[in-house]
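Chains as they are written, first to last, in the numbering used here: chain F, 29 to 303; chain Z, 84 to 343; chain X, 23 to 175.
Read the hints as simulated data drawn from the structure, not as lab findings. Each hint should be verified, as a subset may be incorrect.
Unchecked claim - Per the computed footprint, the stretches of chain Z lying under chain F, defined by three or more beta-carbons under 8 Å from a beta-carbon of chain F, are:
1. 204-212
2. 216-223
To be verified - Computed footprint of chain Z on chain F; a stretch qualifies when at least three of its residues, placed anywhere within it, have a C-beta under 8 Å from a C-beta of chain Z:
3. 125-133
4. 136-145
Backbone N, C-alpha and C fix where the C-beta goes; we use that ideal spot for every residue, glycine too.
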Amino acid sequence: MNMWARNPSENLVEIHDLHYSRDNRPIFSGLNMQIPRGKVTAVLGPSGSGKTTLLNLITGQLGPDEGAVLFEGGVVCPCSRRRLYEVRRQMGVLFQDGALLTNLNVFENVAFPLREHTDLPEELIRQIVLMKLQSVGLRAIWQRMPSQLSGGMARRVALARALVTDPKLIVYDEPFAGLDPISMGVIVRLIRHTNDALGITSIVVTHDVEETSSLADLSYLIADRKVAARGTPEELRNDKSDLVRQFMQGRADGPVPFHHPGPGYAEQLQAMAAT
Amino acid sequence: MIATVRDCWQSFGQFAANFGGFQMFSFRLLPYLPKALLRPRLITEQLYAVGALSLVLTMFGGLFVGMVLALQSHSTLVEFSSIDSMGAFVSETMVRELGPVVTALLFAGRAGSAIASEVGLMRATNQIAAMELMAVDPMQRIVAPRVLAGVISMPLLTAIFSMMGIFGAYLVGTRLLGVDEGAFWSQINARVDMHQDVASGFLKSIIFGASASLMAVFEGYYCQPTPAGVSRAATRTVVITSVWILLLDFILTGLTLPKV
Amino acid sequence: MSAVRAIDISVGMFILLGLVSALFLVVQTIDPSQVNAGETYVVEARFDHIGDLKIRAPVALAGVTIGRVAEITADPADYRAVVLLRIDSSFDNLPIDTDATIATAGLLGGKYVELTPGGDSEMLADQGEITFTQSAILLENLIGKYMLNSSPE
Chain F
29 MNMWARNPSE NLVEIHDLHY SRDNRPIFSG LNMQIPRGKV TAVLGPSGSG
79 KTTLLNLITG QLGPDEGAVL FEGGVVCPCS RRRLYEVRRQ MGVLFQDGAL
129 LTNLNVFENV AFPLREHTDL PEELIRQIVL MKLQSVGLRA IWQRMPSQLS
179 GGMARRVALA RALVTDPKLI VYDEPFAGLD PISMGVIVRL IRHTNDALGI
229 TSIVVTHDVE ETSSLADLSY LIADRKVAAR GTPEELRNDK SDLVRQFMQG
279 RADGPVPFHH PGPGYAEQLQ AMAAT
Chain Z
84 MIATVRDCWQ SFGQFAANFG GFQMFSFRLL PYLPKALLRP RLITEQLYAV
134 GALSLVLTMF GGLFVGMVLA LQSHSTLVEF SSIDSMGAFV SETMVRELGP
184 VVTALLFAGR AGSAIASEVG LMRATNQIAA MELMAVDPMQ RIVAPRVLAG
234 VISMPLLTAI FSMMGIFGAY LVGTRLLGVD EGAFWSQINA RVDMHQDVAS
284 GFLKSIIFGA SASLMAVFEG YYCQPTPAGV SRAATRTVVI TSVWILLLDF
334 ILTGLTLPKV
Chain X
23 MSAVRAIDIS VGMFILLGLV SALFLVVQTI DPSQVNAGET YVVEARFDHI
73 GDLKIRAPVA LAGVTIGRVA EITADPADYR AVVLLRIDSS FDNLPIDTDA
123 TIATAGLLGG KYVELTPGGD SEMLADQGEI TFTQSAILLE NLIGKYMLNS
173 SPE
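If we strip away everything but chain F, and leave its shape as in the complex, we get (with noise of 0.2 Å):
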């Protein structure tokens, strides 16, 4: 397992025993995680796992409550504002729903960061723009307006909107949700192709097991508020333990149950019979 090697430089970002808790729930208690460069991670986990949490976390919306989150070895959280922006300027992030500007057409969305970032002038803004839309398959619609986008669509123009300042880390947020399967796999599709065209470092969070196996080199398993299972998709998928073997299988019942924590169902219905 020394492919993913403990060398700072190996990895983009690192997670350090990392404990966050919110409204007095815990939700990681000493996770660790290092998301390698130039690779496609990704982080699976039930739903309320916490996966937008983690997101948040390596972002640096959110701080952790005790452990760190390293990016390039520096840490996120906490800083001061401006460091917190020059590492997020080395990011993207793509929103589930694309979180375009709805008063910009498309080409002004994408145009955004390097008009409020850069003093470029509009001929190079334009190619940039032109060159990332077509990277995406969009670029004949560069007039619509985000309310004229279907999901699918919306998500690739948020897709060339984060690649547009060239950053070093994507980070997509349930980029399969909701789509067809044409539109599954252009995501899928481009994903990949950015990932390696550009040598970025991809991290997908989902939890759409399938897709995943094909797109990802390395996959992470987050339950019980810790990193449940690591490898690539195919050693998650022997894996024997019976958490991991639930979701990858999506069985019903097991380590996560079916039925709610609860009382029992005779004592409930005297409870309720005696109100």
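Fit chains Z and X to the supplied structure of chain F, relying on the hints for placement.
Then chains Z and X, alone, in the frame of chain F:
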């Protein structure tokens, strides 16, 4: 009984927390305002959304309030044989009180709720989070231009409201109620003082404009990121802003009363 | 980019309309005697009673405003009201025996100070005093006097 007291205390605590949060938000915003002036395009867009689109409402409102004032004051003035004072009466009332207050209330309803729902929607659809992740400060890009636009728009809208009101009173007074035209306008000049009345109305409108836009943006920025949350933010904005304006008006009127 | 042009035009018209309104209000309420802000001089006048005379009330000569009431105080020494009148310097030929009366504008109007020139050769100067004054006529006193006069003998 105890439960009621405890609930009241909790409500008060929540109110205080909200109010404190609002003050912190306003303070945090201050350094962003000068820099926002460097992006006139953003301010212009907001001036359109907040000011130009409120124009029709304000003009109609002013016109009808002025006409009603003329009608209403007529019955009292006629008893004292001073209907020629109508011009002075309407102008002073409009410029000092009704102009700033009614314009502000209309503004809170139209522009305030629009700002709150727009910003709230941005919050609910992750646009604000996306902006932060693109290392663009949403306070700079979204909040500051809107507040500036509100502060600039309000005095203008108030002046328009007052002018339309005086004009409406003029129409009703001279055409319908027999007030002498010359007396109407000269009385205004005699009684309404630029420094005390117009200036204090102007001051009020700026303060109201700042309050209304700050509250609207605050409600939208920190609303619950759900559709219900957004609509709640819009309604809360109208209610809270209206109450606050009426309260502020009382204080400001007391502070700017002419020295006797 | 025509949407942008439309916005610019709308905003421009809005601001223009606002400024015109503000200008209208200012023009309607401006006091010409203040605009001059020219030279003025101050004289003092003492009254037994000023009624509801207010600061900034007009000071008139033959009914024409030539100044404003600048300050009103009470003097504990002689129990009278001390009124400072700020008069336009172009009216520097008011004799020192000029009379200052507190009159009412119209039947129910505000109080103002009417100046009636006397005949002395010496003129009022800055910091001078008007010695001949008539206090305001109070309605209650008038009614009281009337009632006293018309009471049956």
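Status of the hints after comparison with the structure:
1. 204-212: holds (count 6)
2. 216-223: Holds: 5 residues of the stretch 216-223 of chain Z have a Cβ under 8 Å from chain F.
3. 125-133: It holds: at least three residues are needed, and the stretch 125-133 of chain F offers 5 whose Cβ sits within less than 8 Å of chain Z.
4. 136-145: Held - the stretch 136-145 of chain F has 4 residues with a Cβ nearer than 8 Å to chain Z, which meets the minimum of three.
Violated hints are absent here; each numbered hint is respected by the structure.
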